[in-house]
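**Student:** Given next are the chains, with one letter for each unit.
2 protein chains.
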Amino acid sequence: MTNSIPTDSVGLVTPQTHHFDKPLTLRSGKILPSYDLVVETYGKLNADKSNAILICHALSGDHHAAGFHSVDDQKPGWWDACIGPGKAVDTNLFHVVSLNNLGGCAGSTGPASINPKTSKYYGPDFPVVTVRDWVNSQARLMDRLEIPKWAAVVGGSLGGMQALRWAISYPERLNHAICIAAAPKLSAQNIAFNEVARHSITSDPNFHRGHYLEEGTYPKQGLMLARMVGHITYLSDNAMRSKFGKSVAEIEEEGNNFGRDLRTGKLSFGFNADFQVESYLHYQGERFSENFDANTYLLMTKALDYFDPSVDYEGDLSKAFENCSCKFMLMSFSTDWRFPPERSRELVNDLLKARKQLSYVEIEADAGHDAFLLPIPRYIGAFSTYLKKVYSEITGHAS
Amino acid sequence: MTNSIPTDSVGLVTPQTHHFDKPLTLRSGKILPSYDLVVETYGKLNADKSNAILICHALSGDHHAAGFHSVDDQKPGWWDACIGPGKAVDTNLFHVVSLNNLGGCAGSTGPASINPKTSKYYGPDFPVVTVRDWVNSQARLMDRLEIPKWAAVVGGSLGGMQALRWAISYPERLNHAICIAAAPKLSAQNIAFNEVARHSITSDPNFHRGHYLEEGTYPKQGLMLARMVGHITYLSDNAMRSKFGKSVAEIEEEGNNFGRDLRTGKLSFGFNADFQVESYLHYQGERFSENFDANTYLLMTKALDYFDPSVDYEGDLSKAFENCSCKFMLMSFSTDWRFPPERSRELVNDLLKARKQLSYVEIEADAGHDAFLLPIPRYIGAFSTYLKKVYSEITGHAS
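As they're listed, the protein sequences go chains A and B.
Under my numbering, think of the first position of the first sequence as 35, with each following residue one higher.
Under my numbering, think of the first position of the second sequence as 35, with each following residue one higher.
Worth flagging that the hints you see were computed from the coordinates, not collected in a lab.
Note that the structure is a prediction, hence the values are computed from the model and not measured.
Any given hint could turn out to be false.
[What the hints assert, rightly or not] Listed next, the in silico DSS-like pairs over lysine-lysine satisfying Cα-Cα at most 30 Å (straight line):
(1) B/Lys300 x A/Lys353
(2) A/Lys151 x A/Lys277
(3) A/Lys300 x A/Lys109
(4) B/Lys56 x A/Lys277
(5) B/Lys277 x A/Lys151
(6) A/Lys300 x B/Lys83
(7) A/Lys183 x A/Lys83
(8) A/Lys300 x B/Lys151
(9) B/Lys83 x B/Lys56
(10) A/Lys64 x B/Lys300
(11) B/Lys300 x A/Lys300
(12) B/Lys353 x A/Lys277
(13) B/Lys277 x A/Lys300
(14) A/Lys353 x B/Lys277
(15) B/Lys277 x A/Lys254
(16) A/Lys387 x B/Lys277
(17) B/Lys300 x A/Lys56
Using the sequences provided together with the hints, build the complete structure.
**Tutor:** Shown next, in the form of structure tokens:
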């Protein structure tokens, strides 16, 4: 970290672990007898407990959404651009709750946890969890924290899907669902990319059918590849272009001139990284593979693939929304090709058909799907304005 | 195959191998002392040898572009939709030459060939070849076949890049360059996908630094993954959607309803293929991995990455085109996100800047990059009309 904590940061935060003994029946029919959820909170809960916001994380996120765990941290939480005093999710106004979802690998019970029944790692025996399972576990957390109703449930990508599920499953327990860069369900292409990621993990010889921790090994290459593929889909073609260079035509030696994308040395005429984008992907993949559990990655991608709230309503998503009583705020980003604006517009159409109150903002941004993590002024502006209105509603006066 | 050969097929064809003893100096500076090129031809060369068309293949293509090798063949050559009597590349009018490029694995000298110096497989010692090297080797083949000038050099994707290179390197030896679904150079995203493919191959423990043939093994999983990723990028999101189903909400059992993409069974709540697109990708990847050489795949992707004719002209592609004397025909497809229409328009702009004669057609098609392989009526129409004009030019009368 820099020497001092920025003034618009929530500062130093300490995660708390909540243990749950009541068995949780999952969508698969399997039962999780007990589990832990690790949680961070930022900002104070007000006297009538009306200012709580739940943050739901995406595929590789966790409870550490904002602030720092220690003054030595190199980076703040994953959504620090949006959460903090004076930021879009203003911790001067709101009490923010952020958890690591079930199946995660950052402290909540997941495949890398010890199964109390066997005293071994869960590994591949950890059950497949769905968005609905997560929302059910989050509702229990809400009870534990004695929060009667969320001012808002907020998430981007897979997190946005949780916000939608909240609106459908627990209509009386949230005032607003804020769903950013998400989709009503995955496209075949989305599922295909997820399957490539899974296949790269499960075909790594060090995967050992998911029992790699017991074997004292790790499917590093597989997880690295999975992340490399994922990373490409999070960025737009334009974002990559501006990050790794337009044409830089340099003369190397007579008769042997090649263009490159911000390459520093000569072309290798071999299979080393010739272009900066290659080294960048390696670095991203490698760093991720050292900090994330492969079985969790599999679970998260399956939760994405299985998400489709319309299935209880004969495929008609507008019917799924009919009983919702919260207001909706949706945002999408112009160059997001993982969950492009058209997917958010599908949601808008079904919400309108169900006669729900909604706001929708489409943000021009070059950054692709990852835009939802970035401090893009129009995005932060719209996000912030909306939550100020939410605050006025719950407190009865302007913020 | 079906019981009889279709009447619009070139019929049974037999590849021929041409051996070249004159050393070929490559762009890398390395020298290939001798090599074979395997070739197919369709249609008759006319008396003044003016009706020859060169077909250049893309990443995974080869010399077998049309017709059948035996009556038992299940499938014709890869571009049979476009080459044959009465088809766009009309073999009643043209003499068509199609080869497997150097570094390939279908008969021309490549990594899976025996290095005469060592009597072992070339493997990773086969030099990196570039589009320019291919075009140089194709010019030698042209001499061998005693063809003075191509009526047209034609290719899609990486094949289109060869057509451009022909126009620049050998301006006096072709009348038309037909460049379909290509780009002036790769984007960072293109390179990133190629690098994922390469990394998946080279990190497969059976790769043995490229010496897998000597080791009697094969990086099957790596090649399979590479193809799976590639395959996603060849199809549009829409094409996948229509191939693998829109929402099919079926009731399975009470309280356990899920939507799926044309899935037949129940959701597995495990890591088997739950969606048809997953099985489809597995099948494509598996089939490919059994029929293609992994080292060749590496070489082909590097040839793509290195392609950029502007580098000899200080990054100004229009200058690269200045000495071209052929006419150009470019086509692109609306949903191609690998080499989208914008990339073809870049080519158009630089050709116009260089004051070259050109035609450009943008085809509405749902099939993504793969559209160039398919018998899409507007595409075949434009392609066919153009080549009929080419035929009129060379023969001085209407076809």
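**Student:** Each hint should be assessed against the structure and marked as holding or not.
**Tutor:** Results for each hint:
Distance restraint check for lysine 300 of chain B and lysine 353 of chain A: the Cα-Cα separation of roughly 23 Å lies within the 30 Å cut-off, and the hinted pair is therefore satisfied. For a cut-off of 30 Å, the pair hint linking lysine 151 of chain A to lysine 277 of chain A is broken: about 49 Å separates their Cα positions. Distance check on the hinted pair: lysine 300 of chain A and lysine 109 of chain A sit about 34 Å apart at the alpha-carbon level, beyond 30 Å; violated. At most 30 Å may separate the alpha-carbon atoms for a hinted pair to count; lysine 56 of chain B and lysine 277 of chain A exceed this at roughly 44 Å.
Proposed proximity of lysine 277 of chain B and lysine 151 of chain A is contradicted: the alpha carbons are some 44 Å apart, above 30 Å. A threshold of 30 Å between alpha carbons decides the hint, and for lysine 300 of chain A with lysine 83 of chain B the separation of about 42 Å lies outside it, so the pair is violated. Annotation: proposed proximity of lysine 183 of chain A to lysine 83 of chain A holds, straight-line Cα distance about 8 Å (limit 30 Å). The hinted pair formed by lysine 300 of chain A and lysine 151 of chain B meets the criterion: a straight-line CA distance of about 28 Å does not exceed 30 Å.
A threshold of 30 Å between alpha carbons decides the hint, and for lysine 83 of chain B with lysine 56 of chain B the separation of about 25 Å falls inside it, so the pair holds. Annotation: proposed proximity of lysine 64 of chain A to lysine 300 of chain B holds, straight-line Cα distance about 15 Å (limit 30 Å). Restraint check: the Cα-Cα separation between lysine 300 of chain B and lysine 300 of chain A comes to about 53 Å, which exceeds 30 Å; the hinted pair is violated. Proposed proximity of lysine 353 of chain B and lysine 277 of chain A is supported: the alpha carbons are some 26 Å apart, at most 30 Å.
For the hint linking lysine 277 of chain B to lysine 300 of chain A, the alpha-carbon distance of about 43 Å lies beyond 30 Å, and the restraint is violated. For the hint pairing lysine 353 of chain A with lysine 277 of chain B, the CA-to-CA distance comes to about 26 Å; that is within 30 Å, so the pair holds. For the hint linking lysine 277 of chain B to lysine 254 of chain A, the alpha-carbon distance of about 33 Å lies beyond 30 Å, and the restraint is violated. Among the hinted pairs, lysine 387 of chain A with lysine 277 of chain B is consistent with the structure: their alpha-carbon atoms are about 28 Å apart, no more than 30 Å.
Pair hint lysine 300 of chain B plus lysine 56 of chain A holds up; C-alpha atoms about 28 Å apart against a cutoff of 30 Å.
In the structure shown, a violation is registered for the earlier hints numbered 2, 3, 4, 5, 6, 11, 13, 15, in ascending order.
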